[in-house]
Amino acid sequence: MEKILKVDKIEKYYGSRSSLTKAIDNLSFKVEKGEFLCLMGASGSGKTTLLNCISTIDKVTSGHILVEELDITKLKGNELNKFRRKELGFIFQDFNLLDTLTAYENIALALSIQSVSPSIIEQKIKKVAEELDIKDILNKYPYQMSGGQKQRVASARAIVTDPKLILADEPTGSLDSKSAKMLLEKFNYLDEHGATILMVTHDAFTASYARRVIFIKDGKIFKEIRKGECSRKEFFDKIIDVVTLLGGNLNDAL
Amino acid sequence: MMLYKLSLKNIKKSIKDYAIYFFTLILGVAIFYVFNALDSQTVMMDVSTSTVELINLMMTMLSGVSVFVSFILGFLIIYASRFLIKRRNKEFGIYLTLGMSKRKISLILFFETLFIGIISLLVGLVLGILLSQVMSLVVANMFEANLTKFAFVFSSSACIKTIIYFSIMYILVMIFNTYSVSKCKLIDLLNGSKKAEKIKLKNPYLCIIIFIISCLVLGKAYHMVTVEFLTLQEVMDILKPIIMGAVSTFFIFWSLSGLILRIAMSFKKFYYKDLNSFTLRQFSSKINTTVFSTTIICLMLFITICLLSACLTMKNSMNANIRKLAPVDADFSIIMNMERYYDDFRSMGFNDSQIKNSHYTVKEMFQLYHFDILSYFKNYIDVNLYTTPDLTMNHTLGSKLEMVRTRFPFLDYDDPEAIMKISDYNQVAKFYGIKEYSLNNDEYMIVADFKSMVDIRNIALENKETINLFGHNLKPKYNSCQDGFLEMSSQHINTGIILVPDNIVDEEYLYENHLIGNYKTTNKKEIRKIENKINKLDDNNPKVNEYLLPSGSTKLDIKEATVGLSAMVTFIGLYLGVIFLISSAAILGLKELSESSDNKERFICLRKIGTDEKMINKALFRQIAIFFMLPLILALIHSIFGIMFAVKILEVFGNEQLLPSIIVTAIVIIIIYGGYFLITYFCSKNIIKERH
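From first to last, the protein sequence lines stand for chains A and B.
Residue numbering for the first sequence follows the numbering used here, starting at 731 and increasing by one per position.
Residue numbering for the second sequence follows the numbering used here, starting at 322 and increasing by one per position.
Hints in this document: simulated from the structure, not taken from any laboratory.
Keep in mind that the hints are not guaranteed to be accurate.
Stated by the list, open to error - Going by beta-carbon spacing under 10 angstroms, a handful of chain B positions derived as facing chain A:
id, residue
1, Ile608
2, Thr610
3, Ile925
As the list claims (entries may be wrong) - Think about it this way: if two alpha-carbon atoms lie no more than 27 angstroms apart in a straight line, the pair counts; the simulated DSSO-like pairs of lysine-lysine are:
id, chain 1, residue 1, chain 2, residue 2
4, B, Lys929, B, Lys589
5, B, Lys594, A, Lys806
6, B, Lys841, A, Lys816
Please read these numbers as outputs of a predicted model, since none were measured by experiment.
Where a beta carbon is used, it is the ideal one built from N, C-alpha and C, also for glycine.
With these hints in hand, go ahead and build the complete structure from the sequences.
And the structure:
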């Protein structure tokens, strides 16, 4: 299988020499094309730091992150923005939709900053809106939408540019269980249609939708499990087992 | 002590983001001081007593203006502090949840206002004192006075006045802050920033209709102040277009706020390019909530532009006028044969013997007072004016009288016209260095330079109205008034002199004798000495009750009066103009900055989805530029008509100097307004920058 992402022995330190915090400690893994991978860990385990490093929002202290053949730890300034805009799609816990723009305009913005022409923008949004079932709310403003709708719009914005990698940071964190379920099913749908998704969560239910879960503790990989052929319910139980092993201190692990 | 420290920390923290506020405060204090300390500079100048009187008058007017200015600055400060408090809702919320009482929060704000007040006053005063040193050179230059010596000037009275005025403003702010803190609720404070603002799009058809109506009303107001200018007679007449203009300005912004976005959205290629959709949305959400303040700012800018250009035109024209309209040193005149209008002069307060003895020429009268005026003159001329009750405006207007009378009911049509022999006038013209004329025996002509009167007289001249004078019928040589004047003055005030052939004039109708001359000396001090001597001829002299002294109008007097007036006009114009300009620019800047901190989240979001820093900066720049330009554009359109109106009012001063004043005004506005724009942009950029 083709490798989309290769994280190679990265480390991330915070603080000064006198009080050093190792947020990520010599961590390596790979993501294959079309995979739906979940990074799971408690608060402070380093999973968000890891995601920030992959998304180039933060810089690693040492090590390399390769997206396809490109070493993104070496990128600078506008190269970073270009990379982010072209190769990555983001889904955030708090949606990060622009409240002054309609759903349509929010999605269009991801394309217009890449200088895509309005007619192509329209086609692409039509397609993605159908996939994510947000056709009816395209002309609504964020304040007129439910949390689930907002997150689906945000997801539409993330995938409309056909990114190599979709990064989702606690995408269900602000959603009620029904909306969360619906969103995750959409993720499965996207995954089946070839998208590569890297999701970060501390919620076992959310993680159970992924095909592979990597558990992170204190900045290191604690364990990795695959869904394989088992059902979502069975995979969820497996995850809970590891969570228990982890010490059960993943807050609100259900 | 804790509260005290908190306040100090807060100021330190916000000084960077709100540099514009502190900057404006300091500038406000400095300008206030400079203009109130203007008189202290004149102390060491070598000026005459009449100039000193003018300066005193100017200072009285300036302190009146200062009260008005302090209202504007007070409004600005309260407005600004409302912003600053709003922005810190969350901080106050945290204090309250920690158990701090509202009284203590008020106390924090009290300390902050106190510190800001003290700092801005101190820095502003220091700046003001420095600026007023520069100003002293300007003042000296304006009054054409020699600086006897350069000395460091400090006006303690202006300093105290500044401190008192600004202290009152700051105390008002403190009261206002305490009030707004006591009113707020904890839940609102904590959630303040999260409150989603509803985006309402106005009905586009309603917007279009209102836009069109406002434009029509505005057009009508423009029409009223320019084309229909002459029908504006009373205060109410002038108020009407002003109110119409202000209201339509509001509605134009109101409807534009709904329209601009709609229009832009229909241009898909434009709207979905780069961050245009974002910028336009930002702008439209902002303008929706700021229609009122945009209107106020637009009107303030409009006033600034008109005030500055009108005042500068007036000043420049006045200075240019003196050279043209006061070409020689002195003009003495005396009214003769007062008996002819006995009742009129009696009611003006002249006594019987003065009226009876009024048959001496200027020369003879000075001799009577044992003053040999001719010995002081290098050269002179002696000319006469005639009047007759048989030649008034009623006669010169001829058949056009009724038409003119209905249009201008306030003119005095029964005043006798001034008549002059053509040879006398040509003597004057030659002496003044202006155009001479010739007339045939059956012709007359009118010289005038007061524009409104010229227009009225031309109506009759175009119609070839003949006049009957001393038994002769005369027809007009020209079909319009010709340029010229007899009496020296600082303005174009010659309402008309009828020039007629010499041989028809009846000496019995002699009305006024003029003696016009140049002094032998050119030294200003010596001239002043001569004129003082003439002015003192009637001091303690009983002769005055029997013989009227000639009245004089001299170049020196005219010049000093003009200089004083033009200085007054310039300083008041500059003072108000600059204050208006910095206030409106500061309000815009502050609004934008407080928005920028609210917008920070949005810009972070843009960065997260990978927008280039360049594109973000461009969007921010455009957003601020539109925000600054919108009121300015409408203000400029207003100003075109405002200046046209001002030009008509200031007609007597002449308006040849309009263009340079407009250029100077433009430069002032570009520097101050543009400066504020750039500061706002850089501060906003700083605010939205990610801080790790």
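Query raised in the report: When you check the alpha-carbon spacing of Lys929 of chain B and Lys589 of chain B, does it fall within 27 angstroms?
Result: Holds, because 25 angstroms separates the two Cα atoms, which is no more than 27 angstroms.
**Report entry** Proposed proximity, Lys816 of chain A with Lys841 of chain B (alpha carbon, max 27 angstroms)
**Finding:** 89 angstroms, violated
Report task. Closer than 10 angstroms between Cβ atoms is the bar; does Ile925 of chain B clear it against chain A? Give me holds or violated. Result -> 8 angstroms, holds
Query raised in the report: Regarding the pair Lys594 of chain B and Lys806 of chain A, is the alpha-carbon distance no greater than 27 angstroms?
Result: 25 angstroms, holds
Query raised in the report: Is the hint on Ile608 of chain B kept, meaning its closest Cβ partner in chain A is under 10 angstroms away?
Result: 12 angstroms, violated
Query raised in the report: Should the interface hint for Thr610 of chain B be scored as holding, given a Cβ-Cβ cut-off of 10 angstroms against chain A?
Result: 12 angstroms, violated
Violation of the numbered hints given earlier is confined to hints 1, 2 and 6; the remaining hints are satisfied by the structure.
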